[in-house]
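Chains A and B, in that order, are what the protein sequence lines are. Residue 17 in this note's numbering sits at position 17 of the first sequence, with consecutive numbering throughout. Residue 215 in this note's numbering sits at position 215 of the second sequence, with consecutive numbering throughout.
Incorrect hints may appear among the rest.
Cβ-to-Cβ under 8 Å is the rule here; a few derived chain A residues that face chain B [stated by the list, open to error]:
#1 LEU26
#2 PRO142
#3 VAL247
Facing chain A, from chain B, some residues (calculated, C-beta under 7 Å) [unchecked claim]:
#4 CYS120
#5 ALA159
#6 LEU283
Derived from the structure by calculation, the hints contain no laboratory data. Even for Gly, the Cβ is constructed at its ideal location relative to N, Cα and C.
One-letter residues, chain by chain:
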Amino acid sequence: MLRFIFRRAAVGVLVLVAVAILTFALTNAAVDPARAIAGDSATADDIRAIRELYGFDRPLHVQFLAWAQDIIQGDLGQSYRQRRPVADVVLERLPVTMILGATAFLLAVIVAIPLGILAGLKPNSWIDRCALTIAVLGQAVPNFWLALMGIVIFSVQLRLLPASGSGTWQSFVLPSVALAYYAMPTLMRLTRAGMIDTLQSDYVRTARAKGLLPPQVVLKHALRNAILPLVSVSAVQLGMMLGGSVVIETIFAMQGIGYLAWESITMSDPPVVQAIVLTIASFYVLLTFSADVINAWLDPRLRGS
Amino acid sequence: MTTAGHNATGAEREESIARRRSAISRYLGHRSLVIGGVGLALLILIAVFAPLLTWHDPYMQDLTSRRIPPIWHGWFYDNPKAGWLHPLGTDPLGRDYFTRLVYGARISLFVGFSVVALSCVIGTTLGVLAGYFGGRIDAVISFIVTTRLSMPVVLVALAVVSIFDGSLKVVILVLGLLLWDRFAVVMRSVTLQIKSQEFVTAARAVGCSNLRIILTEIMPNVANSLIIVATIEMAVAIIYEASLSFLGLGIQPPLPSWGLMLAEARPEIFFAAWMITLPGIALFLLVLFVNLLGDGVRDITAPEGRA
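Looking at chain A on its own, in the form it has when it is part of the complex:
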């Protein structure tokens, strides 16, 4: 078990190094940092001076190593636009995205798992068909359009919820629903498939033959095994939500890192973009790593591979 954890952690760190290299290459191709800092009115001499001052005239791999060293020491550099440490800029925006991601994920799970269980208990019944129809329709709705329609109905017409901002809990309702909606069908289908499979298994038949009550069989015996595959998929979905919140946060002008990312890209502020890509990638790696460990703990057969 310990060897498994170490191996997975090593792979995770390697993935982060690869992401860091790609991010660095990408953002350095994006903008000439000296020109970005100097602004539009700078002369050629100004730009040359800034290039020497910040060390942009060094070879790229030297710059990368210096950058990576800084990151390991917790220094993410300076924002070109806001003229203060990137770490401060990102950290003060992180809570909104975290709250948004967590509520959206909880919402998706709260809806998806009971619906999946009900659908899986009676395949081909009316409730199963309803659930499948919801899943099929849900997967086809672009979540940023759902967000816009939510604004049209609940903000413009009914005047119940705010159309933008992230100051109050009300302003989290529409974005969370729009974000949750996207993950819901996948989780529902997985729960349903898992229920159908486990309900056919021998140990469930044994439990039934022993005379256990149906709720006990479903909740204690079947569900536990049915939602096993959900652990790793949940990690992936949660990671995708953090990345997918860029569009939703931008629509609602929420002060999270997704909106910050969009602002930084449009205003060419590469250090902030680098930091956000790395932050989201780190969360993703951490989530999938935890899911792997949880799965290996639950199912020893997985530890070998």
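Following the hints, put chain B in place on chain A, whose structure we already have.
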């Protein structure tokens, strides 16, 4: 990726699952194949014959007829501006909305097909190589896939598009280079399954080269999975294109991308909500048909893999 069948033991149970599943697929499977196939074919026809369906020019601005509401506003709200000249109204620049929606189908479909073509080549190559050769090659390719998965697609796409400036070509290239992961993962596992079958062993025994085995024995047998993954990726690519264009870092004006139309309609949200409703419905229908087609193909070719 699929959960079904991973703990299957006992022929009897498998048979009962198969029977139950085939009942569902008889009910939903053929229906979704028919709805998805006919719907997608219809949208492709609309895109191809766009000039014949409308008498307006999608780029023609007319400042005297801006923000005309769609025809039903004349019926239900007695809005005198609505009329048959612009059945779905006009946008803030006076361009005919129906015409722009029809031409927008061209962009979404073109993006969908091109992105899938590109990502399919990349993903399938990586996946088949990883599954067929295994060992170190598999480890390296799996690492590449994991790295790609941990990079947030929207963010990376936005950053890249902002470097090269948005255009149809850039959006297709960026999405094609990002969305191959599912092809790689599925092709790897399918190849692993096929590799251990007897006809592959037989081909190797008679001295076929690896390349020949991959091309003549493996590839024909992964085709079904390829189609299913292609429909999923096409739907994803269409939504990503719309999202990028909506954020202003995708297809650029004056092209009638549905995502861009949503962005242009956003300032009208308080006065003309229909401008936001219509492109969204178009997107929804296209993605729905593509997904249904994929579901239908899966139910017919691999009913036991249904989830």
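Hints versus structure:
1. LEU26: 6 Å, holds
2. PRO142: Since chain B brings a Cβ to about 5 Å from A:PRO142, closer than 8 Å, the hint holds.
3. VAL247: 5 Å, holds
4. CYS120: 20 Å, violated
5. ALA159: Hint on B:ALA159: holds, closest Cβ of chain A at ~6 Å, below 7 Å.
6. LEU283: 5 Å, holds
Violated hint: 4 only; the structure is consistent with all others.
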